[in-house]
Amino acid sequence: MSAPAKNPAKIRVATAWLDGCSGCHMSFLDLDERLIELARQIEIVYSPLVDTKTLPEQVDIGILEGAISNEDDLARAQEFRRRCKRLISLGDCAVTGNVPALRNHFKLADVIDRAYRETVTLHPQLPTRDVPALRETVIPVHAAVAVDLFIPGCPPSAETIWHVLGELLAGRTPRPSDLTRFGA
Amino acid sequence: MPIPAPPTNVRVVTFQIDGRDYSAREDETIIEVARENGIPIPSLCYLEGLSTWGACRLCLVELAGSPRLVAACATQVAEGLQIYTDTPRLQRYRRTILELLFAERNHVCSVCVSNGHCELQALAQRYGLDHVRVPYRHVAYEVDASHEMFRVDHNRCILCTRCVRVCDEVEGAHTWDVMGRGSDCRVITDMNRPWGASDTCTSCGKCVQVCPTGALVKQGTSVGEMTKDLHFLPYITRRRHNR
Ligand code: SF4
Ligand code: SF4
Ligand code: SF4
Ligand code: FES
Numbered sequence: 000m001s002a003p004a005k006n007p008a009k010i011r012v013a014t015a016w017l018d019g020c021s022g023c024h025m026s027f028l029d030l031d032e033r034l035i036e037l038a039r040q041i042e043i044v045y046s047p048l049v050d051t052k053t054l055p056e057q058v059d060i061g062i063l064e065g066a067i068s069n070e071d072d073l074a075r076a077q078e079f080r081r082r083c084k085r086l087i088s089l090g091d092c093a094v095t096g097n098v099p100a101l102r103n104h105f106k107l108a109d110v111i112d113r114a115y116r117e118t119v120t121l122h123p124q125l126p127t128r129d130v131p132a133l134r135e136t137v138i139p140v141h142a143a144v145a146v147d148l149f150i151p152g153c154p155p156s157a158e159t160i161w162h163v164l165g166e167l168l169a170g171r172t173p174r175p176s177d178l179t180r181f182g183a
Numbered sequence: 000m001p002i003p004a005p006p007t008n009v010r011v012v013t014f015q016i017d018g019r020d021y022s023a024r025e026d027e028t029i030i031e032v033a034r035e036n037g038i039p040i041p042s043l044c045y046l047e048g049l050s051t052w053g054a055c056r057l058c059l060v061e062l063a064g065s066p067r068l069v070a071a072c073a074t075q076v077a078e079g080l081q082i083y084t085d086t087p088r089l090q091r092y093r094r095t096i097l098e099l100l101f102a103e104r105n106h107v108c109s110v111c112v113s114n115g116h117c118e119l120q121a122l123a124q125r126y127g128l129d130h131v132r133v134p135y136r137h138v139a140y141e142v143d144a145s146h147e148m149f150r151v152d153h154n155r156c157i158l159c160t161r162c163v164r165v166c167d168e169v170e171g172a173h174t175w176d177v178m179g180r181g182s183d184c185r186v187i188t189d190m191n192r193p194w195g196a197s198d199t200c201t202s203c204g205k206c207v208q209v210c211p212t213g214a215l216v217k218q219g220t221s222v223g224e225m226t227k228d229l230h231f232l233p234y235i236t237r238r239r240h241n242r
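If you read the sequences in order, they're chains A and B. For the first sequence, numbering that gives the first Met the number 0 begins at 0 and goes up steadily by one. For the second sequence, numbering that gives the first Met the number 0 begins at 0 and goes up steadily by one.
So that you can see chain A by itself, here it is in the shape it has in the complex (with noise of 0.2 Å):
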């Protein structure tokens, strides 16, 4: 899908997951043979489903999935903000904070201790390196950056997905919430 950019009408699309469990991407996925349609109008420039390893620097549509949680997300959804035209908040981790953001109720150093001590029986560490610090509180993307379209939905169904990219695609704004509720 990565295919470098010959046609340029092509809709530059970049999408990253945040503090998610990927269920945005698969329902993303579901779409199956429309996504060779979608590829004709589209094209992935970075995403966990593609090869690319950076963020170009100009994005006509960005797509987050997952909520705020650790230092690296917060700094790719202000890198994602500063290089998309327009930014989606996909599903409800990101749309809501969700599941991620039920950790909220408890002090952060008791979360840590939760899952890398108490429930670890050998050789119990933190660890240091390699993983981002987690930040304090779990937010959605929008309490960071400015967000043009939102998703809700646990995941939003393909079909959901389907209807606002290609709403988006013909030029038109979405209304998400005729297809789609938080938990949906």
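A few of these clues could be false.
[What the hints assert, rightly or not] So the derived label-pair ranges between C-beta atoms look like this:
no.	chain 1	residue 1	chain 2	residue 2	range
1	B	182	A	48	41 to 49 Å
2	B	182	A	28	37 to 45 Å
3	B	36	A	101	18 to 26 Å
4	B	75	A	101	43 to 51 Å
Calculated directly from the structure, the hints in this document are not laboratory data. We put the beta carbon where it would ideally sit given N, CA and C, even for glycine.
Given the structure of chain A, go ahead and fit chain B with the ligands onto it with the hints provided.
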């Protein structure tokens, strides 16, 4: 609910809703007339068959010539009123009220027993609420699972007091009441003792059935499994009325 024959001294008045003419008995409320005529006005605390509470403010409507918004569930119709139920201002306020409800306690629809069968969730979708603009409070509330059949999860409670009213007015047990102020406000059972230790609760389940959210549910329900049935209520109240 079909209203029993009017006492002779009740007048019939004419008025407009959204530019159309209607007439009704002067002791009917705006929301009753709207429901009878299929005009949608959102509500959470109002429930046909229970007394009026007027707390959620979702049913606010505009009256021509008045800067004040009024609660349709707590305002009677009157001769010549021009009522507007769906102006941009009302849509904005309703959306904001719903956002505040989502931000105040902890609504995680994807893992809620009432997912797909919740009045709050359905209203959010109907009013295009696709994100909450105010910060979430993220304060944990108690869950009381001491009753052998039911459970109360205060994280999902919107303080509509339907449970309080149905238990008092229909079941006659008055197990529920309200305690505390502001964000500490919550519904309690029997002088704030665990529900399971209640001497007054008859385990009739009426409170569970009328609760609009996933706050009152049956034990043993998992995500999305809790469906509610409100039909008993107009039935009981109509039978009583007719006596
Ligand atoms: S009570 Fe309703 S709005 Fe709240 S989490 Fe459950 S389904 Fe969602
Ligand atoms: S089960 Fe019946 S008696 Fe018990 S609290 Fe609920 S409404 Fe009241
Ligand atoms: S428990 Fe349910 S019925 Fe009772 S006040 Fe809370 S939301 Fe309303
Ligand atoms: S329904 Fe009228 S104030 Fe709640």
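Handout entry: Hints violated by the structure (listed by number, smallest first)
Key = 3
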